[in-house]
Structures are given as C-alpha cells and as structure tokens.
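Take each chain as given, in its own frame, and dock them per the hints.
Line by line, the protein sequences are chains A and B. For the first sequence, our numbering begins at 1 and goes up steadily by one. For the second sequence, our numbering begins at 1 and goes up steadily by one.
Since the hints were made in silico from the structure, they are not lab data. Hints are not guaranteed to be accurate.
Residues from chain A that keep clear of chain B, each with C-beta distances beyond 12 Å, as calculated [stated by the list, open to error]: (1) A14; (2) A22; (3) N29; (4) Q94; (5) Y149; (6) A160; (7) G163; (8) T165; (9) K171.
Straight-line alpha carbon distances no greater than 25 Å define the calculated SDA-like cross-link-like pairs of lysine to any residue that follow [what the hints assert, rightly or not]: (10) B:K207 / B:R185; (11) A:K63 / B:I49; (12) B:K57 / A:F162; (13) A:K74 / B:R62; (14) A:K63 / B:S51; (15) A:K176 / B:R62.
Where is the CB? At the ideal position from N, CA and C, for every residue including glycine.
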Amino acid sequence: MNSNPLNTEQHLLAQLARGDRAATAQVYNQHYKTVNSWLIKNGGTASDAADIFQEAMVVLFEKSQLDEFRLTCKIGTYLFAVSKHLWYKKIEKQRNQPISLPDNTDEGGDWAYEDDINAHHERETHYVQLNNALEQLGEPCSSLLKAFYHNNKSMQEIAADFGYTNPDNAKTQKYKCLARLRKLFYGVQAK
Amino acid sequence: MSIDNSYIWNLAEAYVAGEMPDAERTVLLSRLQTDAAFAAEFHECVDMIRSLDGSGKQQQFRNILQDVHQELANKPSRSIPLRTHYLRTAGIAAGIALLTSFTTYWSFNRPDKRNATQYNVLRREIENIKRSQNQLIQNIKTANTSAPVLAARYTGTGFAITNDGYLVTNYHVIDGADSVYIQNRDGAYFKAIVKASDPKNDIAILKVQDEKFRFGKTDVPYTFSATKSGLGARIYTLGFPEDEIIYNEGYVSAKNGYEDDSMQYRLELPADPGQSGAPVLDAKGNVLAIITAKGNKDEGNTYAVSSKAVLQLMHSIRKDLSIRIPKNNKLSNLDREQQIQKLEYYTCSVKVYKK
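Only chain B is shown next, with the shape it has when bound in the complex (with noise of 0.2 Å):
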C-alpha cells in the first residue's frame, strides 16, 4: 500500500506540476482510460494537490496584500524631501512672526486711527459766527482782555485742575491748534497753552498764560478719582454744546470704553459736539471721566477717558510744573444744584483756533 501510495501521490504530483516525461505520460493517460478505479483514485489525489497549491498560493497572495497594505497604511500620505519640509514651515513661521509684529504696531498705534464710523470726537467745528446776545454783552463788559478777532475753528469743554490756571481737555481739541482760548463763566477770554498731553488717552493738561487768572475764589472744590466706578454708577457733566453751559445726567453702563479700552468707560449719556473734555462726575462730586467721544449707534451711547490716565499725565508732569493735584472734595456733602454752581466756576469753554 505504501508503495502504491507514494506511486500515485508522485504521479499526481508530476502531472500537475506538468513535469511528466512524454512517455509517461502517453502511459498514464492509457491505463487512466483503461482502469476507472485508479482513474478515480488519482483524479482525487490531482484535486487535492490542486486545492492544496491553490489554497497555498492564495494564502501567500493575502499575505503579501497584508504586508502592501501595511506598507501604506504606514506610508505619509504625502512625502516632502526634509529640507522642502522644513523650508514650508520655516515659511509659514515666519510670515505669522510677521502678521504678528504689524498687528501688534498697529494695535498700539490705533488711538489716531479710530474707526470714523464708529467714534466721533465731540469737539464742535463752528462754520458760522453764531454769537449769542448774552455773550456779546459779556465781551464788551470784559473789552480789556484779549478776545480772539478771528472766530473760533472748534471749540471744546475744559475744567480746571488747578486754581491757578491748569485746566485739562481732549487732546483731539487742542490737536494742532496754532492757538487756544478758553472762555470763562464770565464770557473772558483768556489764551492757554498746552503744557502736556496724552494722545493715547485723549487727554491734554493746558496752562492759562495770565499768572493772575483764578477760576474761582477757593481751590478747586472736587477731587480726580484715582479708581474706576462700577457699572451703573449715576453720573453727570457740564459742558458746552452752545455757548451757554449744559447739564446732562447718566450712568455708567460698560466698565470698559471703545473697543474695550480699559482707560475708558462706556457711559450712556447724552453728549453733543463741544462736550468734549467736559468732565464727568459722580453724586459726591468725584471727577471720574472725561467726555472724549460718542459711538454712532444710538444717542446716548458716550465714551469717557477715565480720570486715571489725567492723574497719570498729571503725576508725569507735576515734579516740572509743580501742579498740586486737588484733594480736598468740599462738594460731598452739597445737593446737585449747589454742587453745579460751584463746579460752573471750574469748568470753560475751550477755543480752538486753526488755519
């Protein structure tokens, strides 16, 4: 049996592989004519050496798809040479590093280029020489002093700092005014030159050029709030849209100003062109802001430097200019209507003159 085992097993081997000499294999095919048992036999061992080389093969094939795909799954989906690699994003790092630094000049040199849209700067551009009879009378009672001939081009709100002539505003009032004026309660005028300024925050801290000048008969009854008041404190200003001295009442609705300027406050108050520099108060008679601008959107929407960046400029400046800053509130305990009597003392019309 085992002979006749390996016998047919080598046979069905050779035919199938195709090795067969051609004499056997004329042998072979006669005797599988001629004997159906060993025909059948061997059809069954040249089926099972087929399926065995198939399954083989087949297995082999899987094997090596396995490992190709392997091979790709593996592979980047793209492959960059490493210097090309490197080059793209050194590139890129360099054009953000870039992005980076114009966004950061530009942010900090943004207070020139406020969105006009959005901000307007309350000084009040005069086209037509508007003089009100009030004032007129004034001017000729106060005749010695000397009145501008020209009229003025802007004109502004300023309140004092000290008694003795210093006064803050908007620097966007003063920005490039060949002179100023300011116009006192009494209608005087009297020229003021500009000793500091802040354009960042807005602010400009004027002098009174006559050593004589006094705003009122008392040092300067308010004090400047060196903290910021919270959401919703009731506020008021006084200043000078017409020619004659306005009030206006609000509070604060937004700690932070335009574009969520920190130094400023949002507040939500009427304000008018010529209000600028106008000073913004609290019931107790703090200074806690200066009117600097209005947002377009809706009329009461008010945007207000805070008094931190006039006691920062007042601080930078006062070792040269021996400015005594005001300490004493002696408005605290009055009513409002008192309050502005006094205050109209310390506030002026600021006049702008310009080719």
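Bound-form chain A, shown alone (with noise of 0.2 Å):
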C-alpha cells in the first residue's frame, strides 16, 4: 500500500481544519467538480450542488476539528459520499416523504457516514439556537461577541472599535455579555 498520497491528504486535512484558506482551496477545487457533475445528472442545479459541497465540506472541517479525527478513506470519497447522502436528505425534506434510500452495495460505505451527518445536523442546530440567542442579546453585546468569535478581532481591536479606555475594560465587558448569553440560552434551552 502506498501510504504517501495519505499522508499529503492528512498533512492537507490538517492544515484545513486550522481553517487555511490555500488547503481549503486545494480540496474544494479537486472535488467540487465531481460533485457538480453527479448532482445534476441527479435532479440539481448548479447552485444546489454548491450548497449541498459546501455543506459537506462544513462536515468534514467540524470532523477535523474533533480530536479523535481519523478519515478512514481519502478525501474525495467522504466529501462524495457525504454529499449525496445531503442530497438525498434534502430530496426527502422537499418532498416530504420517506424516500427509499439506494441499495449501494457495491461501494459499500454510501451510508456508513450517517452518524457524522447527524452529528452535523444537531450541531447545526445548536449553532442556529446559538445564534437566535446572539441576535436576542441586544448591543453592544451582539456585536461584540460576534466580532471577537466570529471575526477572529483581538481585545485591542475591540476596545479601540467600541470605545473602551482599554482592553481590559473591554474583556470585562465580554464577560458580561457572556454571562447574559448563557442565561439567554440555557433559559431557551430549558424550555
């Protein structure tokens, strides 16, 4: 077995689940193609099939961020597999039916990655509650955490945006609306 187009896969997989946008490229670019081409002969669009990519390729960086992370096969498989089974889940929400599922026998591992994709779907979830609860926070807190974790901006940025004397006086702030999100959401939660 030749063991070195997987290591240059695990060294790219490595780089990608640090969010490194060339490595993220270098996947997208390889395998949105493949994808592109099987979901239009079955039933999609163009713009379907960036979503549905995009969204497996979301399922394989929240995969790569777990510390357990082992993909047992190359990259391009996962991200095709994981995608048509996407497909198929949306075909069935859109017509709102149980669709029997192909017989894939022969590949074998169509399904085999149902538990990533369900994982994915409550942390999706989770994430949307998440987000409800950010938006419900009011400012400056919204937009404040959304720029410290979802903007990647350092306290300094911070304090200099919103007009704190100093970044510690800004972190204090954070802790605050920090404390105010939790009671918003674990209080959303517990209903």
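Following this line, the structure appears as structure tokens:
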C-alpha cells in the first residue's frame, strides 16, 4: 500500500482543520466538479451543488476539529459520499416523505457516514439556537461577541472599535455579555 | 457578582484555550470535584465558550468556502495563455478563409464538373453508321454540297438566329470538335464554324461558312424572350434525337434549373440524346430556352438554358459580327402546326466530327 498520498491528505486535512485558506481551496477545487456533475445528473442545479458540497466541506471541517479525528478513506470519497447523503436527505425533505435510500451495496460505504451527518445536523441546530440568542442579546453585546468569535478580532481592536479605554475594560464587558448570553441560551434550552 | 463573574469566565476561557498553568489547573480540578455548584456553572461557561468558538470557526470556514467558490465560478474553465489563444483563433480564421476561397473557386468553375450521374448532356453519340433511306436519297440529290466523308461523332440540334447562317446550339455539342457541319431540313450538309461560346451557360453561336446559305425564304420568324417565363408555361420543342425532326411538348416545372441555376429552366418535357441545342418555344412562338440536359431521376425532367443567356452572348458579339437579333414574331397568330411547319426550316441537326 502506498501511504504517501494518504500522508499528503492528512497534512492537507490538518491545514484545513486550522482554517487554512490555501488548503481549503485545494480540496474544494479538486473535488467540487465531481459532486457538481453527479448532482446535476441526479436532478439538482448548479446552486444546489454549491450548497450541498459546501455543507459536506463543513461536515469534514467539523469532523477534523475532533481530537480523535481520523479519516479512514480518501478526502474525495468522503466528500462525495457525504454530498450524496445530504442530497438524498434534502430531496426527502422537499418531498415530505421518506425515500427509499438507494442500495449502494457495491460501494458499501455510502451510508456509513450517517453518524457524522446526524452529528452535523445536531450541531447546526445548536448553532442556530446560539445565533438566535446572540441576536436577542442586544447591543453592544451582540456585536462585541460576534467581533470576537466570528471575526476573530483581538481585544485591542475591539476596545478601539467599541470605545473602551483599554482592552481590560473591553474584556470585562465581554464577560458580562457572556454571562447574559449564558442565561438567555440555557434559559431557552430549558424550555 | 461581577468580580466572581469575571473570575469564572476568565478561568473557563483559559481552560478551553489550554493556556492554564499546571498549578492553577490542579487547584481548579480539585475545586470542581468538591464544589458541585461551581462545577455546574463552570461547565456551562466552558460549553458556552466552546460553542461560540466552534460556531465562529465554522462561520469563518464558510466564508472561505464562499470565497473559494466565487473564485472557482469566475475562473474560466481552462486558462490558455493569451498568445496561444489568439494563435488558435487566427488559425481557425485562416482555415475558414481558405475553405471559403476554395469553395468560391469551385462554385465559379463548376459547370465543367457537373455531376455526371445527375446531369446528362443530350448530344447523341453515333457508334454505328445508320442512315435512313430518306436521307441517302436526299444526300444524292444534293451531292454537289460538301458532305463529310466520315460519319459524325456526335449530333445535336441547332436553330437559326439570323436567316443568313448564324445559329445557336449547346457548347457541349461542339466542345472539342475538329469540324462541325449542320444538316438542314432538306438533308444538305453545310460546314459551320464556332463564332462565340459561353461554356458556363453551355451555349455556342455558330455561322455557316457558305455566304449564300439561307435557312428559309424569310427572316427568322421567332423572337428570343428577354424575360423568364412563369411556372406552368406550356412549351414545345423541335429537335433531332434521330435523323428525323421530332416534336415534343411539356411545361415549365421550375424557374431555376440544375442546382438552382437561375440561367436555366427545369422542364417537364421528354428529351433524348441529340436534342441538345433544340429550341424551347412557348405557345406564341417565343424562344424561351435551349435544351441542354436531362436529369437522371425520371424521364421528363429536362434542363434548358434560358434565352436570356443566348441574348447576352449575342449582345457581346454583335458589334464584331453584325448579327441582327430577330425582332419580328411571325408565329404568334399561327396555330401549332403552322408554327412547326415554319420552324422546321430554321431548325437543323448539328454534326460534330472528332478524331
């Protein structure tokens, strides 16, 4: 077995996990076309393909964040299988009825990533709730937390942007915001 | 509360980031074990931060994906260096130009290369000497005129433009001839020479060498139509598919001829080899066309060159040769039989000799 390509892929995945743009672009450009043409053959549009493939990339990204993360197949295989699965689920949702999942006994692994996808959907629901809570938080907390967590701003930058005299004051404000968010979020979850 | 708040978040943040010094970490872990209320609060904080971190990272990753996708969508599927690109375009353009010029060249030089299977010229090839009794007698009668010694290689039909010996026939009839003779109504032979020809439209103008030769007693009784007749016009023809003059009639079946040649008509008219060069006349006795060829597909499909082409050729040579183009139609009031009786004098068989 030639392990060299797998090593390269592992390296690529490590970079992707860190949110490296070049690695992400490389993976994306390498595998998008396959998914795109498959989806178009299976009743999707180009924009469906973009949505589905990006979702699959996110699944891969989230998986790569886990400590115990190990990919047992090639990146392309994984992305293709997950994309297929996501597409069938989407069709199922649109038809509002269960579909018979095609038997892919020849490939065997098509539905093997069910767990990953379920975890992904759970996480997405969680994040949607979190973002809703974040929106309800009101200003300046909503913007401040988004600036820190979504836009990767440092406390110095935030202090300057939000008019705090120093980063420590900004940090105190951030902790206040986090406390409010926690109340709001877990309050919502308790219901 | 606020001090405590800051304290616990600070702790949680450091814990999540893994930046906690070992000593502090052991203190924290022991407190988590003993203080259940603190532990619950602390874990909530940690979860909160992890969720925010995770959703933030995912959001950033999604932004990258959007970016990458935009780039991919905007990029042309294949990038060709500019010079190579233009070289290819130029190559294709040159190819098209070359093809166009060859096509044009071919189409202008086409008449000589007409598809032999679709288009049969109607000169008659004589393989055996076969003279009718009638003709032999006539030959004896006019023994003083110079009849050719050999049998003709091809025969066609011709008809008079002027009474004093100008006549028109197909170019393909006289093409490559060593000598051309015409045989008039009485069966007499007269040597003719080619005065002008239009290979493209397949017509030729001949002149009987004998200065005293006349087709009939009067000027040519018909005129040449300067315009094309309409579809369905009734037409008839006189020609020499055999040694005897033969009458046929039909109608104009298409305004354009072989391969849409606008200088031709397509006629529904039986025609046989030897009738090449025969006049096609309408009911009033105007010459509309000259029979040229027949199509292969069915019997009646005959092509004829429009009289316009004859007029053009006549106009081009009239200054040098003083041809008087016939202007008086003396046939228009006559019935068909009378027309034919007159026409017989002005129609002749064209005999072509070739080695």
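Hint-by-hint comparison with the structure:
Against the 12 Å criterion, A14 of chain A stays outside the reach of chain B, whose nearest CB is about 14 Å from its own CB. At roughly 10 Å, the least C-beta separation between A22 of chain A and chain B is not larger than 12 Å, which violates its mark as non-interface. Not every CB of chain B is more than 12 Å from the CB of N29 of chain A (nearest about 6 Å), against its label as outside the interface. The Cβ of Q94 of chain A sits about 23 Å from the closest Cβ of chain B, beyond the 12 Å cut-off, so the non-interface label holds.
Not every CB of chain B is more than 12 Å from the CB of Y149 of chain A (nearest about 4 Å), against its label as outside the interface. With a closest Cβ-Cβ approach of about 20 Å to chain B, A160 of chain A is found to remain outside the 12 Å limit, as its non-interface label requires. At the 12 Å boundary, the C-beta of G163 of chain A stays outside the reach of chain B, the nearest C-beta of that chain being 20 Å off. Consistency note on T165 of chain A: stated as away from chain B, and its beta-carbon is indeed over 12 Å from all of that chain's, at 17 Å minimum.
Not every CB of chain B is more than 12 Å from the CB of K171 of chain A (nearest about 8 Å), against its label as outside the interface. About 17 Å separates the Cα atoms of K207 of chain B and R185 of chain B, which keeps this hinted pair within 25 Å; it holds. At roughly 19 Å between alpha-carbon atoms, K63 of chain A and I49 of chain B fall within 25 Å of each other, so this suggested pair holds. A distance of roughly 22 Å separates the Cα atoms of K57 of chain B and F162 of chain A; the hinted pair therefore holds under the 25 Å criterion.
At roughly 22 Å between alpha-carbon atoms, K74 of chain A and R62 of chain B fall within 25 Å of each other, so this suggested pair holds. Restraint check for K63 of chain A and S51 of chain B: the C-alpha separation of about 15 Å stays at or below 25 Å, so the hint holds. In summary, the hint linking K176 of chain A to R62 of chain B is not supported, as the alpha carbons are separated by about 28 Å, beyond the 25 Å threshold.
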